[in-house]
Amino acid sequence: MDKSSIWTIGLGTLTISASSAFFTGLYGVIRNTQHTGLLVGTAALNSGITAATFFSFREFVTSPVLTRVAPWAQYAYRRRELDIESPSDVLTSPSVNMSIEDLRTNKLLDSAIAGAVTGGLLRGLKSGRRAVLSGILTAGAVCTLLQYGCNEISLARLRYISRLQEGNRPAQLLKTVGLLPVSDEEYLNKMERTREVYLKRIAELERQVEEEKVLKGFRP
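Position 151 of the sequence shown, counted from 1, bears residue number 150 in numbering that gives the first Met the number 0, the numbering being contiguous throughout.
Any given hint might turn out to be false.
Unchecked claim - With a cut-off of at most 25 Å between alpha-carbon atoms, the simulated DMTMM-like pairs for lysine to aspartate or glutamate come out as follows:
no. : residue 1 : residue 2
1   : 106       : 80
2   : 106       : 151
3   : 2         : 165
4   : 2         : 82
5   : 106       : 84
Said to hold, decoys possible - Simulated restraints, written as ranges between beta carbons of each label pair:
no. : residue 1 : residue 2 : range
6   : 13        : 144       : 38 to 46 Å
7   : 187       : 160       : 26 to 34 Å
8   : 45        : 156       : 25 to 33 Å
9   : 132       : 59        : 52 to 60 Å
10  : 59        : 151       : 23 to 31 Å
11  : 14        : 184       : 41 to 49 Å
12  : 60        : 101       : 17 to 25 Å
13  : 7         : 190       : 52 to 60 Å
Everything labelled a hint here was simulated from the structure, so no lab data went into it. Using N, Cα and C, we set each Cβ at its ideal position, and we do this for glycine too.
Make the full structure from the sequences, and use the hints.
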């Protein structure tokens with residue numbers, strides 16, 4: 000059993016359950032509703048069950064199946080990471096990495112299928128067979144949009160880290176050749192210390208000159 004899948008299920012369930020409880024409680028406080036605590040607990044429980052069902056189905060059923068049979072680049076990339084061989088792979092070179100478009104569409108299909116199954120199952124259990132189709136369509140669309148939003152956030156984070164690294168590149172080059180960059184304050188302090196050393200040296204030289212003049216004045 001993949002530990003990362005268990006971590007994803009646990010973290011996703013906890014995040015969605017806590018978010019649902021928070022916004023339900025906030026709504027209850029604003030609307031001054033009665034039994035706000037009960038509403039918060041019910042919202043946390045229901046959203047936790049939904050999230051656990053969704054993430055469990057995605058991580059243990061949808062993603063493993065798609066990883067083995069889907070021909071698209073992101074799934075071939077997963078197969079390469081897991082050392083799974085498939086004749087349908089579109090990645091043949093071990094040095095090929097996922098593109099920006101692959102990152103943007105990462106797990107969209109996984110989430111859409113898992114969301115549709117979860118929505119149809121839970122809606123069917125709660126409201127009967129007639130609600131299954133609406134649950135499939137609604138949950139599938141919502142999960143796809145949420146996954147797309149998460150992917151865009153991940154891309155924004157990667158771009159931000161990349162800009163930081165590019166900004167620090169001159170400093171890294173200086174460190175490579177043994178030169179350490181210093182701030183303006185550190186440079187000023189260093190110059191002041193150097194100035195004090197030179198002033199002391201000048202004072203010593205002036206004193207030596209005066210002593211020599213005095214000695215010359217006493218010579219017969």
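Status of the hints after comparison with the structure:
1. 106 x 80: 16 Å, holds
2. 106 x 151: Distance ~12 Å between residue 106 and residue 151 Cα, so the pair holds.
3. 2 x 165: This hinted pair is violated, its Cα atoms lying about 34 Å apart.
4. 2 x 82: 17 Å, holds
5. 106 x 84: Holds, because 20 Å separates the two Cα atoms, which is no more than 25 Å.
6. 13 x 144: 38 to 46 Å: 21 Å, violated
7. 187 x 160: 26 to 34 Å: The hint (26 to 34 Å, Cβ to Cβ) holds, given that residue 187 and residue 160 are roughly 32 Å apart.
8. 45 x 156: 25 to 33 Å: 30 Å, holds
9. 132 x 59: 52 to 60 Å: With Cβ atoms ~25 Å apart, the hint is violated.
10. 59 x 151: 23 to 31 Å: The hint (23 to 31 Å, Cβ to Cβ) holds, given that residue 59 and residue 151 are roughly 26 Å apart.
11. 14 x 184: 41 to 49 Å: 42 Å, holds
12. 60 x 101: 17 to 25 Å: At 22 Å between Cβs, range holds.
13. 7 x 190: 52 to 60 Å: About 54 Å separates the Cβ atoms of residue 7 and residue 190, which means 52 to 60 Å holds.
Checked against the numbered hints given earlier, this structure breaks hints 3, 6 and 9; the rest are met.
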